[in-house]
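S.K.: Sequence:
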Amino acid sequence: MTELTSPRVVAVIQARVGSTRLPGKVLRNLAGAAVLEWVVRAAKAAQGIDQVVIATSVDAGDDAIASFGADHGIEVVRGSEEDVLSRFLLAAELSGADAVVRLTADCPLLDPMVISQVVSLWRCDPSIDYVSTTQYRSLPRGLDVELATVAALTAADKRTESYHRAHVTSALYEEGSGFSCAALTFRPTTAQYRVTLDTAEDAALLEELAPLLPQVPPRWRDVVGILDERPDIVAINAHIEQKALSEG
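Residues 1 to 248 in the numbering used here are what the sequence shown spells out, letter by letter.
Check each hint, because a few of them may be wrong.
What follows is a set of in silico ranges between Cβ atoms, one per label pair, in the way DEER data are often shown [claimed, not checked]:
1) 5 to 238: 39 to 49 Å
2) 162 to 211: 37 to 47 Å
3) 24 to 235: 17 to 27 Å
4) 136 to 44: 23 to 33 Å
It is worth saying that the hints were derived from the structure and are not from the lab. The beta-carbon is built from N, C-alpha and C at its ideal position, and this holds for glycine as well.
Let the sequences and hints guide you as you build the complete structure.
M.R.: Written out as structure tokens, the structure reads:
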């Protein structure tokens, strides 16, 4: 009798020191811990995640990312700086993943419960190629989570060029892609808020917000609750425009 095994889900955190708008952002200190450490904590606290891997580049500047992984007992894979999709496939191969949860190291306020819900939705139907909170955005920017099967990413890798390779999953959900997608949404919609880290203004907002959080890793409702009550904090980065996918 063949023993059934549960699909292996690996959280892959893409991280690099370089940034056009805020160099070194993922290793910045935020309330006593590196921003990358906040992301690692969220990934480790999520249910349904079998392993956490950091995917960085072979650039010498990212040696600091590799050292962070070694210091925290987290496996690190290194590959192309620009071709992030190839990095994810390398991480998947080395970890034996059936599906990967894509997390970015500049999102320190990720909620483990959101990660868990995305994974749970997929585990209920592993035939789905892609699950995310981004297709119908309902959370603040910086709290979104994506899951993609390794089979789908491998298929995309064979036919994907340009900015899709930098954004890993975008080829899966573009119109006419042929991949099966599922969306997870939350209520109330709070997509007007921004808690990612890409600019000095984002950093200033996070530095004001982080000490007010009742727990770490945070819960998205706690993040939103504070922002609802503190328009002065919201105003810090309200004017920042998100870069388009084609801008990298």
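S.K.: In ascending order, which of the hints set out earlier in this document are inconsistent with the structure?
M.R.: none
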